[in-house]
Amino acid sequence: MKRLTGNSTLKPSAEAIHDAPLPETPEENELARREAAVRIKLFQRRSLRGIWQLTLFLGVSLAAQQGASHLPSFPPSMMQLLGAPPSPKMISGLLVLYSFSALILILGKMTTGSGGFSGFSHVGYLTVFYAFYQVSHALEENFYAVLAAGITILSLESYHVWIWHQERIRKEKQYIIRLDRMREWKRGG
Amino acid sequence: MGMSLSVRAIVPVTITVTGFVVVCCLLLYQAIKQDMIQDTVSHETALAQTVVRSARYAMLKSDRETVQNIVATVGAQHDVEQVRIFNKRGVIMFSSHSGEISRQVDRNSEGCVGCHAGATPLAAMGSMQQARRYRNERGESVLAITAPIYNEPECFTAPCHVHPPTQKVLGTLDIGLSQKTLLATLSSLRSRMALFSLMILFLTVAGVSAILRRSLFLPVERLNSYALQLAAGHGETEPPELSDELESICRTLQELSEAGKEHNGKSPRS
Chain A
0 MKRLTGNSTL KPSAEAIHDA PLPETPEENE LARREAAVRI KLFQRRSLRG IWQLTLFLGV
60 SLAAQQGASH LPSFPPSMMQ LLGAPPSPKM ISGLLVLYSF SALILILGKM TTGSGGFSGF
120 SHVGYLTVFY AFYQVSHALE ENFYAVLAAG ITILSLESYH VWIWHQERIR KEKQYIIRLD
180 RMREWKRGG
Chain B
1049 MGMSLSVRAI VPVTITVTGF VVVCCLLLYQ AIKQDMIQDT VSHETALAQT VVRSARYAML
1109 KSDRETVQNI VATVGAQHDV EQVRIFNKRG VIMFSSHSGE ISRQVDRNSE GCVGCHAGAT
1169 PLAAMGSMQQ ARRYRNERGE SVLAITAPIY NEPECFTAPC HVHPPTQKVL GTLDIGLSQK
1229 TLLATLSSLR SRMALFSLMI LFLTVAGVSA ILRRSLFLPV ERLNSYALQL AAGHGETEPP
1289 ELSDELESIC RTLQELSEAG KEHNGKSPRS
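Note that the protein sequences, when read in sequence, are chains A and B.
Numbered as in our numbering, the first sequence ends at 188 without a single skipped number.
Numbered as in our numbering, the second sequence ends at 1318 without a single skipped number.
Calculated from the structure, these hints are not laboratory results.
Treat the numbers as computed from the prediction; the structure is a model and nothing was measured.
Note that the Cβ used here is the ideal one computed from N, Cα and C, for glycine as well.
Among these hints, one or two may not hold up.
Claimed, not checked - Here are some chain A residues pointing at chain B (derived, C-beta under 10 Å): (1) Leu81; (2) Ser91; (3) Ile105; (4) Ala144; (5) Ser154.
From just these sequences and the hints, can you work out the full model?
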């Protein structure tokens, strides 16, 4: 059985290890136990990724709210180069579409039990919405809509990340219990 | 860290529905608000045109008393905060508030700077660009627009007071409407939307909870108590009435329990 060595090869897909036969020798058992403990710590750390995303987004939102009226507008030459900004109604339509798609994708991942997380990309998309509203001079009116969309998407994502990792931690703990039983049985035998 | 099945099922539904409804309501409210403000500006522009057209003949005849009378009458209307006409130098010639007649207006003030920002004043602006908002001395919000009074052939050919044909704008009409009614309507719209969102949230969460409880949680609870009965050695317990999938689990449990009993019966240690 291939053993994991070091953090670089630690991956959440530990199912292969759990499904494989339990290690026979006490040394292998101890090693597998230590690796499972490392994986638990890793999952515990990763389960908080959603919270970090949400915190970062709240920081961006605070900056957007404070800076909306203080940010300098682009110089006319730059504005000419960029062209006319999209209308606030178009940005709002896109925000609804984006929120709907993001929520459906996260719910889909929850349904299938897949652990593919979008990382910090949602924070990036939401920041772009703040930027577009700012360029269209409609950030003040639509700030709370972007904030509500962000909180909803990132809360659901955080919940999914947390539940998914808790599930993995539970499996790792069960694996450790199986290893302990095996060790006891070997000692007794 | 254990969470019950019901909490696991209801939390994502609550977050999704609440969040999405709130986002849609906020965006819808902003869209309606913008449309209503645009309607008010259109109404004000039409009112300004009405005042200018009503006063046109009196201005051609240089009948200042009639112009002042028209301005005062329109200004006395409900929700009309102020009506005034400036000349090209920014001096108030006619006003619904007689105290401000002959007063000079600052070119850098909010209503003037839109056209007078550059070296050459603009002669035309869109209706939304003409609009501005401010608070009056009573703290009420006022939406005002400034409409230019253009030079026409009759103006520069009139015998009484001739304007040069090169002069594009003769003066400006400034009209302001109180936003009290508009704000009251928006406030009522906000309350209705909040109520609507709460009702949707309540109905969704209650509906999902009811369906899950009826079709999943109660049967699982019955299956669990049946499994506990079997584990306690009460093999004669009647299996509960469940859906096909759960009934299959019930049968498997029953078979396992019977097999266990048989095995225990044959075992020399029993």
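Per the CB criterion, is Ala144 of chain A less than 10 Å away from chain B?
Check passed: Cβ of Ala144 of chain A comes within 4 Å of chain B, closer than 10 Å.
Regarding the hint that Leu81 of chain A lies at the interface with chain B, is the smallest CB-CB distance below 10 Å?
21 Å, violated
Hey, does the Ile105 of chain A contact hint survive, CB to chain B under 10 Å?
8 Å, holds
Ser154 of chain A was flagged as interface toward chain B. Is the shortest Cβ-Cβ separation under 10 Å?
Cβ of Ser154 of chain A sits 5 Å from chain B, so the hint holds.
Chain B contact restraint on Ser91 of chain A - CB to CB distance below 10 Å
5 Å, holds
Against the hints set out earlier in the document, a violation occurs for number 1 only.
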